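Let the sequences and hints guide you as you build the complete structure.
Residues in the sequence shown are numbered from 71 upward in steps of one, following the working numbering.
Some hints here could point you the wrong way.
What the hints assert, rightly or not - Below 16 Å or equal to it, Euclidean Cα-Cα: the simulated EDC-like pairs (lysine to aspartate or glutamate) are: (1) Lys278 / Glu169; (2) Lys114 / Glu249; (3) Lys209 / Asp130; (4) Lys209 / Glu221; (5) Lys209 / Glu296; (6) Lys209 / Asp195.
If you're looking for bench data, these hints aren't it; they were derived computationally from the structure.
All figures in this text were calculated on a predicted structure; none of them were measured in a lab.
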Amino acid sequence: MRVLPAGSHGDADLDRLIQRIQALRAKTVDQGCTEQEALAAAEKVAELLDRYGLSLSELDLRRQACEGVGIETTRRRTGPIDECTPSVAAFFDCRTWIEKNPAGLLRHVFFGLPADVEAAHYLYDLIEITFATETDRFKAGAVYAELHSSERRGGTNSFQVGLGHGIARKLHTLREEREAAMVRSTGRDLVPIKASVVDEELNRLGIKFTVKDRRAGRTVLTDAYEAGHEAADRFDIHPGLHRRGGRKTR
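This is the structure:
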């Protein structure tokens, strides 16, 4: 459902943006990616969203209808990757929650403006692939080889916890930099506008949240956890994916 009349310029722009994000998602998911490539792609998608958002008036933004997307998992219990979802949602101005489907499996829900929800789905898929890619790399490395066989499962989990924390930290940093740059260059801040639209719709639907701390009682193997952080630190905060000669290219 779209908020502008069919065939309108704004509606066509929104449809094109969503189609572009979907095409990027299909291409990257098929090819696989590293943690660095995933976050670089996230920054590029955020740039597209900001450019689109700044082309609209506040009234146009407030007229958009919120949407939700459910992402199914094959798990009954939460894991390290699930700690990334709040940062993914915040990066793209969405709200997120976790629920169980009728089969008892976990489902992530992202809720927000249409293009933002599509972008959050895209980034979640990239992070899921990144976890597989970086975990395989960890298992082929020295830290994993030095672990006793009885420690390797815990070591892998510790690595993924460190990776998840690192990705969340990077997304938080990128979001802060992006917001500051937007305000400096345009004098506009889209975040509070989008947040109020989403929160008003959640209130209208009667959706309320409870927060649980998944970190309680957790222990990790230090070397493996630090290896996860190092995997996250390989990401260049200003990636070369869309830069040339120190200047951003379009």
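Which numbered hints does this structure break? 3 and 6
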